[in-house]
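Chemist: Residue strings, one per chain:
Protein chains: 2
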Amino acid sequence: MLSATERTRLRRGAHRASTDPADLHAILDAGLVCHLGVVRPDGAPMVVPTGYGRIGDTLYLHGSTGARSLRLEGEVCVTVTHLDGIVLARSAFHHSLNYRSAMIYGVPRKVTDPDERLAALRAITEQLAPGQWDVVRAPTRKELAATLVVALPLTESSVKIRTGPPIDDEDDYSLPIWAGVLPLHTTFGTPHPDPLLPPTTPTPTHITTRPHPSPPT
Amino acid sequence: MLSATERTRLRRGAHRASTDPADLHAILDAGLVCHLGVVRPDGAPMVVPTGYGRIGDTLYLHGSTGARSLRLEGEVCVTVTHLDGIVLARSAFHHSLNYRSAMIYGVPRKVTDPDERLAALRAITEQLAPGQWDVVRAPTRKELAATLVVALPLTESSVKIRTGPPIDDEDDYSLPIWAGVLPLHTTFGTPHPDPLLPPTTPTPTHITTRPHPSPPT
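Quick mapping for you: the protein sequence lines, in order, are chains P and D. Start counting the first sequence at 308; every next residue gets the next number (the numbering used here). Start counting the second sequence at 308; every next residue gets the next number (the numbering used here).
Errors might be hidden in some of the hints.
Claimed, not checked - Here are the computed lysine to aspartate or glutamate pairs in the DMTMM-like style, where the Cα-Cα straight-line distance is at most 25 Å:
#, chain 1, residue 1, chain 2, residue 2
1, P, 449, D, 479
2, D, 417, D, 336
3, P, 449, D, 475
4, D, 449, P, 478
Said to hold, decoys possible - Covered, in the sense of this in silico footprint (three residues per stretch, anywhere, with C-beta under 8 Å from a C-beta of chain D), are these stretches of chain P:
#, region
5, 333-344
6, 439-445
7, 492-502
8, 516-524
Claimed, not checked - Far from chain D, by Cβ distances over 12 Å, these chain P residues were calculated:
#, residue
9, 314
10, 326
11, 329
12, 330
13, 363
14, 364
15, 402
16, 419
17, 420
18, 421
19, 457
20, 460
21, 461
For the record, the hints were derived by calculation from the structure and aren't laboratory data. All C-beta atoms, glycine included, are put in the ideal place defined by N, C-alpha and C.
When you get a sec, could you build the whole thing from the sequences and use the hints?
Modeler: Okay, structure coming up:
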């Protein structure tokens, strides 16, 4: 069960909370980017979209050693959100979204062990592009030196999921207003080969047959 | 032109920056949720996905008067991200994403004027569900009292856009490795009527014909 600290115990919409680690893992594994929140030296928050990877109960992030967001000390918040549908209610007030979201708090640990660094970079690459790690050129020593890798335990996490039709006020159900859900789907299109590829280069099947993130149902 | 403060002048990937307000507006207008970053009283950042609306050069956010994220004082960072494709390079290092993202810094102003509050709620509802505001039940006095509305000027913003094929290292172009872009599309599915609707209720055309956020091309 996911821990409920003061920060991750959901106050608003607690009925939408999940404490099942399988839900957390599924949400993370289905994502392409997270939104990483850090506190800048001037005290303001900064939210940047960035790739990530998961190995067991650890989330890995990477960035250039010159990037600000991962060089900062202290706590971060990582949020991954999937939108599944627009919830159209009978009142403006009850409009909503169906979604799955995960939020992870923690202090990232800088990864220095070469094996863990490589495993993390593999996980991050495979999260974005499954099947690519083994077929592309591996990182050089110089590229590795230019890459910062940090690890965030999934210990302090929360998951929120909304599904289903709108929940309207009792009196509103008799109004002659359409209500329901407009589903949202995320799909991959036809791969665009790099114009600099030799024209006969076949597109690998792990790319052409990659399952859609959120296929039409 | 968008202002370039110390925070919004892009350091990494400055060639991907746009200072055209039309790009900022287009990215915001195409979105369904933003990721709102705030700093919690304990000093940690918190990143929450939430709806928003835009009127001119002002972004509006709303929430329950009981929600933590909007009640906090001080600066926020709002980030809106669209993913357009997976960039598959010849090396693991150069894998990337095509995306459009906007980041806005500022101190939100609590909106108290009744007309501005209503206009903001209309903009937020219409952002999520265009055409709905005029056909659904309007907010009651009680609902309005339970809703916090804040305004954030778009003054301190940055926009970052990546398009096109991978940029590989010169030596890697001769490798026999496929490279290119796997496009990502977001589309609406067939509307699911609320099971509690009378069975013959027609689905309004503004819902059935709503343009896809990111249609297949």
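Chemist: What are the numbers of the hints the structure violates, in ascending order?
Modeler: 9, 15
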